[in-house]
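Chemist: Mind docking chain B on chain A? Use the hints.
Taken in sequence, the protein lines are chains A and B.
Note that the first sequence covers residues 1334 to 1742 in the numbering used here.
Note that the second sequence covers residues 1334 to 1742 in the numbering used here.
There could be a bad hint or two in this list.
Just so you know, same-sequence chains aren't split out, so a pair can sit in one copy or run between any two.
In silico DSSO-like cross-links for lysine-lysine, where the CA-CA straight-line distance does not exceed 27 Å [claimed, not checked]:
1) Lys1632 with Lys1444
2) Lys1550 with Lys1565
3) Lys1545 with Lys1565
4) Lys1706 with Lys1565
5) Lys1419 with Lys1444
6) Lys1374 with Lys1608
7) Lys1545 with Lys1608
By construction, these hints were calculated from the structure, which means they are not laboratory data.
2 protein chains.
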Amino acid sequence: MAKIVCVLYEDPVTGYPRTYARGDIPQIERYPGGQTTPTPKSIDFRPGQLLGSVSGELGLRKFLESQGHTLVVTADKDGANSVFEKELVDANIVISQPFWPAYLTAERIAKARKLQLAITAGIGSDHVDLQAAMERGMTVAEVTYCNSISVSEHVVMMILALVRNYLPSHQWVVDRGWNIADCVARSYDLEGMNVGTVAAGRIGTAVLRRLKPFDVKLHYTDRHRLPEAIEKELDLTFHPTTESLVRVCDVVTINAPLHPETEGLFNDALIAKMKRGAYLVNTARGKICDRDAVVRALKSGQLAGYAGDVWFPQPAPRDHPWRTMPFEAMTPHISGSSLSAQARYAAGVREILECWFEGKPIRDEYLIVQGGKLAGAGAHSYSAGDATRGSEEAARFKTTTRAPDTTHR
Amino acid sequence: MAKIVCVLYEDPVTGYPRTYARGDIPQIERYPGGQTTPTPKSIDFRPGQLLGSVSGELGLRKFLESQGHTLVVTADKDGANSVFEKELVDANIVISQPFWPAYLTAERIAKARKLQLAITAGIGSDHVDLQAAMERGMTVAEVTYCNSISVSEHVVMMILALVRNYLPSHQWVVDRGWNIADCVARSYDLEGMNVGTVAAGRIGTAVLRRLKPFDVKLHYTDRHRLPEAIEKELDLTFHPTTESLVRVCDVVTINAPLHPETEGLFNDALIAKMKRGAYLVNTARGKICDRDAVVRALKSGQLAGYAGDVWFPQPAPRDHPWRTMPFEAMTPHISGSSLSAQARYAAGVREILECWFEGKPIRDEYLIVQGGKLAGAGAHSYSAGDATRGSEEAARFKTTTRAPDTTHR
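This is chain A alone, in the form it adopts within the complex (with noise of 0.2 Å):
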């Protein structure tokens, strides 16, 4: 019998919501290009209830606990002295999430002797060091397109509110105010610029494919050359380079795993060739980009707005400055968790537990880590070596990251 540990994000302290907005949610059942959604044997949640919270335990509890498991559900992560440092010791199967990452180090790693299993409820299993998983023998699984359409929208919804300064435009609703030149004199519409994906992957296709009708000139770059048949459909324009992308792109929307080589791409260096008054979104890791850097850009007017939703680390501390520099419009890490998506990733979970117990292969594609090498899905985005370093800078910021008037919301 095993012992599962799943790091999950905090409940809302309010409580959230107990009539959901919506009764249903879209269903969904194969991705673009056919890959099917999840396929466990059963679930025991409606599809589109809050399951990736602690509450929620990804709806998991009843099938674990009636196979004899054990499953501790926590979101205290950070720390040696956390629920999770502490359970991870017999751990046989850790589970946990882009979203409210439990940084997975050597050192954890080493510590969790029993630990054959890390499955990321979610998609980009950065927070684990994967050299270290190789190293020992581990299994690392993603769901792979879980989320991949969700991230996709939140790109494109970003983009707009940057391009059309949205966020600083509704302030002046709420403000009770009428100040249309000061909201539109950062305005300007999206039709006709270059646009550019730094990577093609199935968010960064994604992205393109929304944007294709907007009327923009649409540019990417990426490891792999998209097929040619896409590239024309989409009249998509190839660079060999971030920096020949950056370039000539209005707005660059990065859609990379992080790994060693793009670990702080985006640095004073590359942001210096970006055009003057350019727009970046990133919501695929913070740490892709120079946290300092980009605060430097928007005060200089070289980035004309940023926005995304991954920060390092996560939560990030209360004094994080992305939260206060100007022309920002992000989000907590959220985009690949709606609700749509917990549906999808919690079955997902779901499946690869049922393989795992019945000793059946795990689907291919959720692969990134297996018998001592990247595999899978891994083969493709990711890069031996380790991305967790710094991930003790979370433990420090612990206990002050919630809002100071949490209990008022």
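Modeler: Same frame as chain A, but now just chain B:
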């Protein structure tokens, strides 16, 4: 020599940025379908400048004064003592905007005995009593298509913002918190939803086209059925009535002009027929929705969200309930006044004035009223009658429309 009275929105009290966010705007030469953007003989402004406000003067002063005409520009538009009402008495031409509407009621038209031409610097001439204009034999013209794409971008942005719960999630960033569960408990993917537009003219069709790759099911209702080729291309479901459309849609966007048939269309009765938890986006005209019915529906949960940028009257009074109702994601009336749109409507007004002074015909597609009847674009989109009723309300609020913190922004 003519006297031209031009009513434009106020400039920001604190001054807009001396350096614009961007150095240029993309050049657009044709709209979808082939209509050319405005073709004045020349312009005296740089596209990308703030033109729509009092200080911008639509870039017209040099042109008009060099020909000996008199130009009066003001933002003071409401009430009997306003600059507009006083200057109107001997004006030959009035230029006004939907964003900051100078309501040209039957009473004002009666007072303005020399008035022959009313130009809307934008699209939507419902702030002009078209019935009175027809009876007077005036010409009413607007810059058809100048900001249709601008508005369609705003609509897609707002649909995504409502469905994904963007604004409340951004607020957590500002409030220095990190409450993912609170953000996502009302966050959905758009994918798979049923989205419908009330009217499928230039804006409505552009919205449908932009939404197509989001893998939604698209619906529309309109007086005029779209060509079968477009219905097939976008896989549209036509509804003979608005009621039929709203019954099946998760998201409804209103893209109809305001005229007596659309005024008050979304009242308690129609909203009750919508799906529970639907989203409503209205960038058309505030009066198409019953103000208090919208508030009631948001409070009861019948509507999951409301966005848009149109209000009645405009500027919206400080105590307008749409400022404080739950689940709103509104802006002041700005969607059609991006810097990109301003360049086009300023050029279009110039084109119309050039034609007028030279005795050449104004483009048919710009005409709303001519020779005592609805003409050109007007005959397609408007009904005879008047939708300016109640505009005297605006005067009651004229001194109280600024945010209390205006000087600190």
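Chemist: Against this structure, judge whether each hint is valid.
Modeler: These are the hints, each one checked on the structure:
When the C-alpha separation of Lys1632 and Lys1444 is checked against a cutoff of 27 Å, the pair qualifies neither within a copy, at 44 Å, nor between copies, at 51 Å. In this assembly of identical chains, the alpha carbons of Lys1550 and Lys1565 lie at most 27 Å apart whether taken from the same copy (12 Å) or from different copies (25 Å). For a Cα distance limit of 27 Å, the shortest separation of Lys1545 from Lys1565 qualifies both inside one copy, at 12 Å, and across copies, at 19 Å. For a Cα distance limit of 27 Å, the shortest separation of Lys1706 from Lys1565 qualifies neither inside one copy, at 35 Å, nor across copies, at 48 Å.
Within a single copy, Lys1419 and Lys1444 get their C-alpha atoms as close as 10 Å, which meets the 27 Å cut-off; across copies the closest is 82 Å, which misses it. Taking CA atoms no more than 27 Å apart as the test, Lys1374 paired with Lys1608 passes in neither setting, with 51 Å inside one copy and 32 Å between copies. Proximity of Lys1545 and Lys1608 under a CA criterion of 27 Å is satisfied intra-copy only: 21 Å inside one chain copy versus 30 Å between copies.
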